[in-house]
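Please put together the full structure from these sequences, using the hints given.
What follows is each chain in one-letter form.
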Amino acid sequence: GESVGLHLPTLSVQEGDNSIINCAYSNSASDYFIWYKQESGKGPQFIIDIRSNMDKRQGQRVTVLLNKTVKHLSLQIAATQPGDSAVYFCAENRMDTGRRALTFGSGTRLQVQP
Amino acid sequence: DTGVSQNPRHKITKRGQNVTFRCDPISEHNRLYWYRQTLGQGPEFLTYFQNEAQLEKSRLLSDRFSAERPKGSFSTLEIQRTEQGDSAMYLCASSLLDSNEKLFFGSGTQLSVL
Chain A
748 GESVGLHLPT
758 LSVQEGDNSI
768 INCAYSNSAS
778 DYFIWYKQES
788 GKGPQFIIDI
798 RSNMDKRQGQ
808 RVTVLLNKTV
818 KHLSLQIAAT
828 QPGDSAVYFC
838 AENRMDTGRR
848 ALTFGSGTRL
858 QVQP
Chain B
5 DTGVSQNPRH
15 KITKRGQNVT
25 FRCDPISEHN
35 RLYWYRQTLG
45 QGPEFLTYFQ
55 NEAQLEKSRL
65 LSDRFSAERP
75 KGSFSTLEIQ
85 RTEQGDSAMY
95 LCASSLLDSN
105 EKLFFGSGTQ
115 LSVL
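Note that the protein sequences, when read in sequence, are chains A and B.
Heads up: the first sequence begins at 748 in my numbering, then just goes up one per residue.
Heads up: the second sequence begins at 5 in my numbering, then just goes up one per residue.
What the hints contain is simulated information worked out from the structure, not anything from laboratory work.
There is no bait here: all hints are sound.
Under the rule of at most 27 Å between Cα atoms (straight-line distance), these lysine-lysine pairs were calculated in the BS3-like manner:
id	chain 1	residue 1	chain 2	residue 2
1	B	Lys15	A	Lys789
2	B	Lys106	A	Lys803
3	B	Lys61	A	Lys789
These figures come from a predicted structure and were not determined experimentally.
If you want it as structure tokens, here you go:
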């Protein structure tokens, strides 16, 4: 089937450590991926995106890695801060169906311990 | 505030009543999306518009759900004869036409059906 999923539902890290959130997808036709952060009571907030013709993209304190061979996506957050505590979603866009809307996974909760 | 605006933030209704939510997208964005999110899950795509045209509505959950964007600006989502299972967060998002579907979300309308 087609799915976007996550390996770990909850990730707890110490403040200052690096965080890695993983995501698996099963559809090789997916050509665009986004990571979103969602804080309680708010809508998802864009973090970083990557197209399938890339394997790495960096932003401010965040890096997304894409491994198309194993259909795996990860989000790395450097020097994790308490403000990073939230639920993180990966989302994919599949162009083969002609439907131009993101499909989201079920999310990983990141808890940053002071 | 130039982000996506949704009203109301919260709606409590009795089963069987009709409800309508409004979304004002970012002004220059051509595309507008509706998603539904239940607790612990990622957003689930419902429908989207390109300007005033509704290009995808097969994911609307039932014929009780309908959406409009009459002038290509704001949009409304209506749920008729609400059921307790309709209780969820309803999210609106918008994007530019050629943005690779980088969606910008509003804070959502939390619906509770009693």
